Every structure is written in structure tokens, then in C-alpha cells.
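Number of protein chains: 2
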Amino acid sequence: MHHLITWIEEKLLQVNLVNTMDQADGFSRLGYTKEEQASQEQFRCIAKELGLQTHQDAAGNQWALWKVDDSASWIATGSHLDTVYNGGGYDGAAGVVASLAAVKLLKEASFQPKKNIAVIAFACEEAARFHVSTIGSKAICGILDKTKHASLEDNNGITLREAFANCGLDWELLHEARLEDHQLEQFVELHIEQASKLEKSGKELGIVRAIAQPTRLRITTVGKTNHTGTTPMEERQDALVAIAPIITFIEEATVDIIAQQQVPLVATVSTIQNSPNAISMIPGEVVLGVDIRSTRLQEKHELVKRITDYARSIEKDRPVTITIETLVDDEPTQLDSSIQAKLTHICEKIGLSSLPLDSGAGHDVMNLAKRWPCGLLFIPCRDGVSHHPSEHADSEDLLKGTRVLAEYLRETTGNNSLSLE
Amino acid sequence: MHHLITWIEEKLLQVNLVNTMDQADGFSRLGYTKEEQASQEQFRCIAKELGLQTHQDAAGNQWALWKVDDSASWIATGSHLDTVYNGGGYDGAAGVVASLAAVKLLKEASFQPKKNIAVIAFACEEAARFHVSTIGSKAICGILDKTKHASLEDNNGITLREAFANCGLDWELLHEARLEDHQLEQFVELHIEQASKLEKSGKELGIVRAIAQPTRLRITTVGKTNHTGTTPMEERQDALVAIAPIITFIEEATVDIIAQQQVPLVATVSTIQNSPNAISMIPGEVVLGVDIRSTRLQEKHELVKRITDYARSIEKDRPVTITIETLVDDEPTQLDSSIQAKLTHICEKIGLSSLPLDSGAGHDVMNLAKRWPCGLLFIPCRDGVSHHPSEHADSEDLLKGTRVLAEYLRETTGNNSLSLE
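Residue numbers (our numbering), protein chains in the order written: chain R, -18 to 402; chain U, -18 to 402.
Just so you know, the hints here were simulated from the structure itself, not pulled from any lab data. Keep in mind that this is a model prediction, so the values were computed, not measured. Any given hint might turn out to be false.
Taking CB as the label site, the calculated pair distances span [said to hold, decoys possible]:
| id | chain 1 | residue 1 | chain 2 | residue 2 | range |
| --- | --- | --- | --- | --- | --- |
| 1 | U | Leu154 | R | Asp298 | 54 to 62 Å |
| 2 | R | Ser294 | U | Val236 | 14 to 22 Å |
| 3 | R | Asn0 | U | Ala108 | 53 to 61 Å |
| 4 | U | Gln254 | R | Leu308 | 19 to 27 Å |
| 5 | U | Lys297 | R | Gly183 | 54 to 62 Å |
| 6 | R | Glu306 | U | Glu180 | 32 to 40 Å |
From the three backbone atoms N, C-alpha and C, an ideal C-beta is built for every residue, glycine too.
Given only the sequences and the hints, what does the whole structure look like? Please build it.
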């Protein structure tokens, strides 16, 4: 398999548009930019080398097609080619290259699929540019709002509609990217883990059961600003002093729910706006942003209830008012259990250890999983680091993932017993 | 005294450049601006009406002079004419107008002082424009640094040196504003209280014992940022969760020291910078600004010690580092006890109740008190509100303060027993 490792390493450099993965500033290839387009162009080159047809849909997603039967449905794998600002070259690209490598492995083994195979490079997966994630896969699933999402703006004031136009896409044709139910049969994504459970467990691959989705709160505490020097302690309505204990409480309650329920749950007070935030002024208003994630809706709601009760108890003790708004309350994504079983079985069959786990981060597959049976395969990444220039995955691990994808495609699109070894 | 109340009200409007004190947006008359200059021009008009000489010193302070003897020293009163953005029309102006009214009262009583009397309208008392307070009175005391302070910038990037030039002042001549020790004998300022101790006590005037000065800390907590969705609770180095309890601790420790030592002390976590402050990112660095004020250095230092000890205990429990820097550690200003006694005695003599108290806010007098015997007289302001359009002081209270200032000037500059009633 040495030639395939070399091929994977070459193609990873090619879609990353570099000569070495060691880039001090990482990779800044945002969605619907010339940089993403350049990477997509390399994707199409590689697809053609493999004898695949290429196709760009109305949302700018790139498709590499191994079509064997017009009337058969499609089995797809893939991931994305865009990055965050100064991100890594594996988040997304690893899954795209492994999917292409899996096709290469099948082709080299003279495999003849009975169903159509597609490798998809989704456009604009990261929220870094338009503050909304997985735009390409949302379009495929028909869950983008043509009116609302058109006016999403990047930091330079360029709208999503304008970004489409700059890429030669017509926002008005967005609906054409939507797939009918019958057009796709299954989808499996390969992605770096972006956490360190695999590394710690010593297992080779992760079989994802569910993808946590965020519930997000905005907690607004209103007291009264006043001069720090002339307002005695007992006459204050300090919004920051009032709300500070909730930061500690949210951590404690989360750890408590995890201990009681044995479920994955994380919660973070990640943003704080203090007003007037001047050294001689008592804080009059504080707004906290809380990000709660779990693969279970019930535990997220339990935590929100505890936070709300705690806020009410603060209001009884302190002369402040606290408003809690739920900005996001997304249902966790459950991945298809038969695909999980199949991927686990494949790992066993080809001699790779695997770990069932959950994903804390979102991926394109979460959109497709709402409509089609889907799977998500994790390969380890060093120290769990991602969205950073030091993000790294071993070529050996990319190869292991490739072998599982190839076997998955083989079992799903054919029924011959051809060995891929 | 009815005519004097009317005069005070008229002159208060005149220096505030308005026809009514009821201004929805308050007063925005920042230091070294055309607005402050326009107010100073009205000050000079009033001074001339009273038969006083006028003089602008090299720092733009306005002097109204009742000179009787070239060889005699000066007894001075006064305050400032600048305001914060959207401030009130009494903070500063009340003291300037009351000082002029005291001179009017003495003149109408045909009083003949044996020493020279000056009313000073200090330039740029508020820190609102250049983030440094009491610039005019600092110049008189010779404690401005000609090099360092020249480059102070306002929010439009205009330096203090340029602002001087725009007012027809030459920064290079700043030293000429400095008074020699022998040139001034005593100074008393009248100011609105900017707190509500007088109102609550029912006393008519406040005799200030000491002016609290700030000690300011910058507490920097460094953890490690990471993805909120993929980082388990037990693997986090969340800087905000780590430092949040210190906000509560600072309030508790302050209240505890007040209870133990029976001293005036206030402490506020007034600013917070959270980084990266993004909804999907765990806080990696948090910087708190702490403002501590007291008329006693010892208790401020006791609080800093307790905060430091508490930070060390957090470092033992959490994977973060906490750095505490002391940015400001000013010695409280003690006002002259014989002047306090004199003002208290004057109140008794003319039938006004008085309350000894401390000032939480800084005033021009705090600079002069470093070199000359000084006093500070407070009149009540409604609900303790200042630096706000709703700031208000009653004309009756301004008159009471005026009577005390007049009697103070009479007793200090003469020895006749002329009644001012």
C-alpha cells in the first residue's frame, strides 16, 4: 500500500495548493473564494485522472462521478475543501482525498460497481466567512432559505448572493442543487476527529454515533451603572458581580449532569459583553453568550432549566433583572445505526481497531443525515488540535480511513467478494 | 438674599451657555475645546461685572482677581467649567458660580480684604477627553510632565499639545502656570457631592476630610482556548470559569474589611476583556480591571493582598496562570484639619447644619492640597446623580454654600467683624 500513501500525500498537497503541509500561517481558504475555487479545480483534475466525470452543482459543490447505471441510485462519500482563517490542511481535505483514494483503490482492483459512486467536495462548510456553516450541503438538502441566506454578509460586507456571483454561480438557481430523495441512497463522510478520544484510547478509527448540536443562550443582566468612587458597596446594582456566579454554576451543573446521566455534555460561557466597561464605572449591563452541546436534547434542556432556576435565585438576592433567551436549540443528529454496524464490521474484517464515539463539532453529514442514511468515520488528529496551523493527521491514518471507505463502497455498491488488499 | 439666588441662577445659565438647565442631552463641554472657551469667556464677563481683574495662565486656567496688595498672598476659591460628555451643568460650574457669588456678597457688604482674593476656573478637570483628570490644577501645582503629557490623545487623535495650540496656548510655556509656594496661602473648593450622604443625613453642607484615591489592578488570567464542542469539561483550561469567582470574592472581601475596620472603601471589577470572545471558542485569556478607592492606603493594600492570595489559590486549583499588576496606587488626599474646623465653625455661626464626610471622586483641590492648606465644601445633589443630564443641585443649597465661602474669605482675608447677613 506504499504507493497509495504516497498518492494520498501528493493529492493532499495538491488540493491544499502547497508543496509542504508545514505552513506557519496555516491555510486560509474560505468558502466561495478564489482560494476555494483553486482547490476545487485541483479536485476536478484528480477526479479526471481517476477516470471520473466531474460536475459542479448550483451551490458550487463539486461532484466526482463514477456512473455505471443511469437508473441506479448514488452511494456517496466526501467532505469539504474550504478552511477557517489560518486553519489546518486536514479538516475537510483529509475526507475529500481519502474518498478519492478509496475510488483509486477500487479502480486498481478492477472493481465493477453495480450502483453509482460519487465523491462530493462540499462548498463552504466552515462558518468562518458567513457565520453560517455547511452552506453547500444545506443546499443539497434544500434547507437554505433563498431569501434569508442571500443577504448573509462576510466581514467585508460581501453578501452570500454576491459571493455566489463572484464564483460564477447564480443564487436564483440555488434550488437546482437540491437532491430528490431517490437520487441518493447513502452518504459516509471521513473527517479528522478534532478531539483526542481516539489518541487517548489507542484505537485506530472512530465510528461516530451522533453529532452534538448547539443550544445557545443569551443571558442579559441589567443593573445600574454609577461612579465606582462615589457609590457605596451597599447601594450598588452591579450587573457583573450579580451574574459572575452563574459562570461557575454552569460548569458545576454540567459536570453534575454528566455524572448523573453518563451522557456527553459540554457547556461554555464563551462570550461576555460588559457595559460601560470603563474603569471608573460600575457595570450596568452584562450579556453572556452560553454554548451548550450534547448528542441528547433532554440533557441540554435539563441544563437550561437549572441555569434559569439559578438566575431566578440571583434576582431574588440582587437588585438586577436577568433575561435568558434561547437563540439556538438544535436537535442532535443521530447517525444511521446499520451504517455504524457496517463500518465497525469492516474495521474488524480488515484488522483495524475502532471506537464508537460522538462528534462535538458539526459536519456536512449532519445535514444529509436528516434525509438519508449516513455515517461518519473519524481518523485521529495530533493532540486533538484543529482550526490551527499545527493541525496534523498521519498519512498512515488517512490510509486506514481510505481502506474502510473503499470496503464500504465495495460492499454497498457491489456484492462480489473481490479483495482490496 | 433673594436677589443673590436669582443672580446665582442667572450666572449658572450664563457659564453653561443655555437658557434653561433642563437639557435632555446634558452638557458636553470638554476641556480645551471651543465650548470650554466659550464658558470661560462668560466667566471673564461676570468677573469684570464684579470689578475683578481677569487673567488666563499658561495652562488655560481662568483667574478672577481681587487684588488689594501686591505683597500680600492669595486666598483662592474655585472649581472647573468643563464637563464630561453629556454631563450635568453643576459639576464644576456650581463651585465657580458660588465663588463669584461669594465675592459679590463681600463687595455688596463693602468688605475690604487685607489679602488678595482669587476665584479660579480650572481648565480640563474631567478625564473624559484626555483620560487624565485635573490638567489645569496639575499645571498650577507643577506636576504635569511636559514631555509625557504633551502626547496624550483624545478620541480623535488630537494631542494635548495640539489642543493647547487650538486654544491659543503654547505647551512650551506650560511651566509658567506653576505657582511658587508663597504665591498662594489657602484654597477652598465648593463642589456638588456626587453621592447621597448629605441627602440621606438631612444635613445642609458637607465638610470633606479626605479624598479617596484609586488603586487600580489589571488581573490577567491565561488558560487555553479550544473548540467548545469538542473539548470535554475535564480537559479545559477555561480562563473565564477560572477567574469568575474573584469577582464575587472582591465584593465580599471589601465588605468584610469595611465591617472590620469601619473605614470607607469601595472596590469594583469595572472592566473585562475576554478572548477570543467567540461563541464556539473556550475563553483562553481574560483581563479584569479593578478599581479600588479609599481615603486610607492601608485598607486598599489589605484588599490587594487578599485578592492576590485568592488568585494564588485559584492557580492551585485550575490549569491557568494569573498575573496581577498594580497600574495605579495613589495615596489618599488628607485635607487641612484647621480649614475643616473653620468651615464647620462657620456653618454653626450662620445656622447651617454640616456633616464631616469623605469624597469618593477626585477634584482639583486634591492637587493643590499637596502644596497648600486646602478645604472642600460639598453641597447636596439630587439622588447623588452626576455625570448625567439629570444632575441637579438646588439654588438654595448653592446659596448656602456661597454664604459659607463668603464668610470663609472674610475671616481669612480680613479681621473686621462686618456682618454679611
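Tested hints:
Between Leu154 of chain U and Asp298 of chain R the beta carbon distance is about 57 Å. The supplied range of 54 to 62 Å therefore holds. Evaluation of the 14 to 22 Å hint for Ser294 of chain R and Val236 of chain U yields a pass: the beta carbon distance comes to about 20 Å. Look at Asn0 of chain R against Ala108 of chain U: about 55 Å separates their beta carbons, and that is inside 53 to 61 Å. The hinted range of 19 to 27 Å is satisfied by Gln254 of chain U and Leu308 of chain R, whose Cβ atoms lie roughly 23 Å apart.
Taking the beta carbon of each, Lys297 of chain U and Gly183 of chain R are about 32 Å apart, not inside 54 to 62 Å as hinted. Hint check: Glu306 of chain R to Glu180 of chain U, Cβ distance near 38 Å, so the stated range 32 to 40 Å holds.
Going through the hint list in order, the structure does not satisfy hint 5, though it satisfies all others.
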